[in-house]
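**Student:** Given next are the chains, with one letter for each unit.
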Amino acid sequence: MSAVAEDGLCACPECDALYVRHALPPGMKARCTRCGTTLYRAPRRRSDQMLPVVIAALITFIIANTHPIVTLRAQGLVNEATLLASIVSLWREGQEPMAALVFATTWVVPLFDLLTMLFLLLMYRRAVRPPLYTRLLRLLQAIRPWGMIEVLMLGVMVSLIKLAKMADVLPGPGLWAFIALTVLLAVILSYDLRVLWQPSAPRQPETAPLGQPR
Amino acid sequence: MRARAAGLRVCPACQQVCRIPAEAATPPGCPRCGARLHDRKPDSLTRTWAYLIAALILYIPANLLPIMRTESLLGVSDDTILSGVVYFWISGSAGLATLIFTVSIVVPLAKMATLAYLTCRVRWPGQADRHQLGRLYKLVELVGRWSMLDVFVVALMVGMVQFQSLASIKAGAGAIAFGAVVVLSMLAANSFDPRLLWDNDGSPDDDR
Ligand SMILES: [Zn+2]
Ligand SMILES: [Zn+2]
Chain V
10 MSAVAEDGLC
20 ACPECDALYV
30 RHALPPGMKA
40 RCTRCGTTLY
50 RAPRRRSDQM
60 LPVVIAALIT
70 FIIANTHPIV
80 TLRAQGLVNE
90 ATLLASIVSL
100 WREGQEPMAA
110 LVFATTWVVP
120 LFDLLTMLFL
130 LLMYRRAVRP
140 PLYTRLLRLL
150 QAIRPWGMIE
160 VLMLGVMVSL
170 IKLAKMADVL
180 PGPGLWAFIA
190 LTVLLAVILS
200 YDLRVLWQPS
210 APRQPETAPL
220 GQPR
Chain A
78 MRARAAGLRV
88 CPACQQVCRI
98 PAEAATPPGC
108 PRCGARLHDR
118 KPDSLTRTWA
128 YLIAALILYI
138 PANLLPIMRT
148 ESLLGVSDDT
158 ILSGVVYFWI
168 SGSAGLATLI
178 FTVSIVVPLA
188 KMATLAYLTC
198 RVRWPGQADR
208 HQLGRLYKLV
218 ELVGRWSMLD
228 VFVVALMVGM
238 VQFQSLASIK
248 AGAGAIAFGA
258 VVVLSMLAAN
268 SFDPRLLWDN
278 DGSPDDDR
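Order-wise, the sequence lines are chains V and A. FYI, in my numbering the residues of the first sequence are 10 to 223. FYI, in my numbering the residues of the second sequence are 78 to 285.
Do not take every clue at face value.
[What the hints assert, rightly or not] Every beta carbon over 10 angstroms from chain A, so not counted as near; a handful from chain V, in silico:
no., residue
1, A39
2, Q58
3, M59
4, V62
5, I64
6, I68
7, I72
8, L124
9, T125
10, R134
11, P139
12, I188
13, A195
14, V196
15, S209
[What the hints assert, rightly or not] Derived lysine-lysine pairs resembling DSS-like cross-links, with alpha carbons at most 27 angstroms apart:
no., chain 1, residue 1, chain 2, residue 2
16, V, K38, A, K118
17, A, K215, A, K118
18, A, K215, V, K38
No lab work stands behind these hints, which were simulated from the structure alone. By construction, the Cβ of each residue, glycine as well, lies at the ideal position given by its N, Cα and C atoms.
Here chain A stands alone, though its shape is the one from the complex (with noise of 0.2 angstroms):
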């Protein structure tokens, strides 16, 4: 049985179960916690396209915009994201270089592609497998903030150097590009309704 077909909504916020009077035109309040009573979240497919182009676009700069500037006696050095990671490689840090890589460039893009797809499910739904969709949204919104890891390390690192004229080390405009885009991703997660994707199941009942 689907809350939906028994006349019922689910308070998002206290996830109370709340019958709504017929006669109610706008969305009541929950009458535990007063946030509003909505079948779905309003608007969820357009709000995470929004999201999800505001992301997408930058996450160009993010990538190609330096996001370290290194001053030293030894002169002075942009670092992206990308020769980062090719930095640690090449000094014999695989395994962080793998880390690094992984949460700044696999996991944004994966992320959004991801998005980007279950919402074309649940326009299209076909004969998906909605266990298997169910638990990508599950997976994309556990791992979406580890991508922030590049804005910590630079905010670190440009706290901890500061040594003068020895060695100083600045953001870059592609550090908050970074930030941003793991911000609208997050924003665009929490803007789609995985129970949309359940919806138009053809089934009126339980499948299991």
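One chain only, chain V, in its complex shape (with noise of 0.2 angstroms):
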């Protein structure tokens, strides 16, 4: 015997209250007015209008990536650094544990979040979703706050002004597309996964609340 789904309600993860579901217009969220919490909501931009920032941030990525985001000059000595070259750096010197964490935290959730999105938004609108969409979609929710590019950006900064007192420091192209990616990863971590569990069509409002969400 399995659990059989209510479809017309919606639960609070925070305080547990239960509410019907309504259809809400666009840019609008459900909140509960017992605690607060967003429940549920139209997002402002259609999935298809999600695909450009995704796509944009990908190209962003790999130019941060490939690109230095500093150059260093001292005494006639010249370095570029990159992320990468960085947790090399300290892979090397016996640091593994440290360089599996920034690794993991900077490159491969932010990597795994923007093509897991760009898939889940081409298969959204299907009538029928490949199985794969589920199971990578509860991934991606269980993953994505590990994702710390936002938090990098700002040690970027920190470590550009310590920088600034020992040697000459010239901003690379990497360190421009960190910056982009920063914002448009923010714009894509404000499109609210719970829509993409929802049916692509919009369902008939339901009636009979048990309780109004504001």
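Join these two chains into a complex; the hints should help.
**Tutor:** Here it is, written out as structure tokens:
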């Protein structure tokens, strides 16, 4: 005997209050009247409008990782630094766990996020979605909090300020790409993944509320 | 009306509301995504505490051990998190010193203390204002990740400053200990089920 889906209902993940789902106009969100948590929302951007953002983010991801973030000059010596080269240096000097942690949070998870978003958005409008869709969406929700590009960006700024005191610092194309990537990822992260669980065709609004979301 | 009171369970992954058949002994799978449908996150408080204690233990080496070693013609210097803050402060970057002090020292401690406090409020609810507690939990979830800042700064400095004999920077044992503190406290926040805060408020239905 398995569980039965109650499609017309929705429950607050923070306080367990139960509501009836309503169809919302675009850009609106339903909030829990008890604790204020966002229950669900109708996104301002449609799924196909998110596609160019994801593709642009993938391109900036490649640029950010193939071009130096910064070029340092000190007493005639020059050093170009990329994120991956930093991770390799950490690994070589015996800091394998730290290299793995930085690699996972600033490289693997953001790249997985972008590639998975691309796949999910392409499959979203299909009448029959492949079984992989559900599995990837679940996985994406679970590992998304571990992507930390925006924290890395702040880290880049802090280290540049630190380094400016000991060497000549020339920002490279990788730096601008990282800034663009941070902005694009912020847009992608603001797209509520819960939308992707819903069927793509809008359903009829339900009646008989148990409690009115405000 | 509470989902639990209506005999319903919410999928932890896709938030589908599901009716559970009475004869189900083990938690059944979600009809939409297959995730296990537990009533609440299993062993939420025990897991939260396990991660919290591990994070607290590692917080000590994270602050005492050097996170970074700079070797240059002028000699070798070891930096801890606190000495990095002091360096920024005396070199005239008060804003930056405050930022690093906040995300590396205040936030991890405040996060661990808040989670410990929330688990205690679940055990001993008293006259708690649940809206405040819920807001505290959301804040803890939101700011915890920024503590990774110092780990990233060290990683980047290692890659950037490689001038053979002139100057080089190596990561210290404190850095990975600090990274572990951040990861463990994120896992602690993740294990905590905020619905527990609202479960024992005495009222059978909505209070607003
Ligand atoms: Zn709520
Ligand atoms: Zn589910």
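**Student:** All hints are to be evaluated individually against the structure, with a verdict given for each.
**Tutor:** Consistency of the hints with the structure:
no.	hint	verdict
1	A39	holds (12 angstroms)
2	Q58	holds (23 angstroms)
3	M59	holds (19 angstroms)
4	V62	holds (22 angstroms)
5	I64	holds (26 angstroms)
6	I68	holds (23 angstroms)
7	I72	holds (18 angstroms)
8	L124	holds (20 angstroms)
9	T125	holds (14 angstroms)
10	R134	holds (18 angstroms)
11	P139	holds (14 angstroms)
12	I188	holds (15 angstroms)
13	A195	holds (14 angstroms)
14	V196	holds (18 angstroms)
15	S209	holds (15 angstroms)
16	V:K38 - A:K118	holds (26 angstroms)
17	A:K215 - A:K118	holds (17 angstroms)
18	A:K215 - V:K38	holds (18 angstroms)
The structure fails none of the hints (numbered hints given earlier).
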